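Colleague: Sequence:
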Amino acid sequence: MILSAVCLVVFSPLFLICFIVLKVSSQGPVIFKQERIGLHGRPFYIYKFRSMKMNAEENGPLLTSSTDVERMTKTGKFLRDHHLDELPQLWNVLCGDMAFVGYRPERRYYIDKIMEYDSRYERLYQIRPGVTSYATLYNGYTDTMEKMLRRLELDLYYLEHRSWWLDIKILGNTFLSIATGKKF
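The opening residue of the sequence shown carries number 748 in my numbering; numbering runs sequentially from there.
Since the hints were derived computationally from the structure, they do not count as laboratory data. Be careful, since some hints might not be right.
[As the list claims (entries may be wrong)] Below, computed lysine-lysine pairings styled on DSSO-like, alpha-carbon distance capped at 27 Å:
no. : residue 1 : residue 2
1   : Lys860    : Lys780
2   : Lys929    : Lys821
3   : Lys916    : Lys929
4   : Lys800    : Lys860
5   : Lys930    : Lys860
6   : Lys930    : Lys916
7   : Lys780    : Lys795
8   : Lys824    : Lys894
9   : Lys894    : Lys800
10  : Lys824    : Lys770
11  : Lys894    : Lys929
12  : Lys916    : Lys795
13  : Lys894    : Lys930
14  : Lys795    : Lys824
[Stated by the list, open to error] Label pairs and their in silico Cβ distance ranges:
no. : residue 1 : residue 2 : range
15  : Gly788    : Ser759    : 28 to 34 Å
16  : His829    : Arg854    : 21 to 27 Å
17  : Tyr864    : His829    : 28 to 34 Å
18  : Lys780    : Arg870    : 23 to 29 Å
Because the structure is a prediction, the values reported are computed rather than measured. Glycine included, every Cβ here is placed at the ideal spot set by N, Cα and C.
Whenever a hint applies, use it, and build me the whole structure from the sequences.
Modeller: Here it is as structure tokens:
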């Protein structure tokens with residue numbers, strides 16, 4: 748939690764820039780919150796910089812890819828392409844809802860869909876979800892059920908092999924991917 752507080756302070760200028768650009772470029776709230784399921788299957792609110800247009804899901808949840816430009820704002824697309832939309836999740840880490848590394852938390856709607864194919868998803872509830880994950884690095888955004896099931900396999904691999912060393916490697920690879928502009 749101390750590290751997340753330090754990161755919040757260090758990245759505060761970037762937070763401010765993102766906040767101002769979002770406020771100027773589009774109407775609506777700057778911060779987006781959505782219920783996700785985390786440790787022990789408990790719901791919590793995840794925070795992100797808003798990347799989607801207002802009412803983007805008025806017809807219900809849709810799987811979203813990083814190229815889903817019709818529903819994204821221009822600023823939101825930039826933030827998502829550079830993973831800056833995830834910065835507010837440092838608050839989730841500080842509050843204890845998330846860790847820096849874990850599985851990516853999902854909405855109940857999608858968990859129910861995944862569970863129709865593979866009930867092992869519940870094993871993930873043993874740990875806190877993460878801002879980054881082994882699966883995100885090697886599977887990217889999940890915009891199909893096939894990718895969601897592949898992500899589950901990778902998340903279960905992480906669960907069985909997690910260690911400080913693996914977390915450090917995942918964090919390092921995440922920062923490297925962001926710095927080099929790798930899409931995931």
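Colleague: Determine for every hint whether it applies to the structure shown.
Modeller: Taking the hints in turn, this is what the structure says about them:
1. Lys860 - Lys780: Roughly 21 Å separates the two Cα atoms, so the pair holds.
2. Lys929 - Lys821: holds, 19 Å
3. Lys916 - Lys929: Since the Cα atoms of Lys916 and Lys929 sit roughly 16 Å apart, the hinted pair holds (cutoff 27 Å).
4. Lys800 - Lys860: holds, 25 Å
5. Lys930 - Lys860: Between Lys930 and Lys860 the Cα gap is close to 26 Å, so the pair holds against 27 Å.
6. Lys930 - Lys916: holds, 18 Å
7. Lys780 - Lys795: holds, 6 Å
8. Lys824 - Lys894: With Cα atoms ~21 Å apart, Lys824 and Lys894 stay inside 27 Å; holds.
9. Lys894 - Lys800: holds, 25 Å
10. Lys824 - Lys770: With Cα atoms ~15 Å apart, Lys824 and Lys770 stay inside 27 Å; holds.
11. Lys894 - Lys929: Holds, because 18 Å separates the two Cα atoms, which is no more than 27 Å.
12. Lys916 - Lys795: holds, 24 Å
13. Lys894 - Lys930: With Cα atoms ~15 Å apart, Lys894 and Lys930 stay inside 27 Å; holds.
14. Lys795 - Lys824: holds, 13 Å
15. Gly788 - Ser759: 28 to 34 Å: Hint holds: Cβ distance 33 Å, inside 28 to 34 Å.
16. His829 - Arg854: 21 to 27 Å: holds, 23 Å
17. Tyr864 - His829: 28 to 34 Å: holds, 32 Å
18. Lys780 - Arg870: 23 to 29 Å: holds, 26 Å
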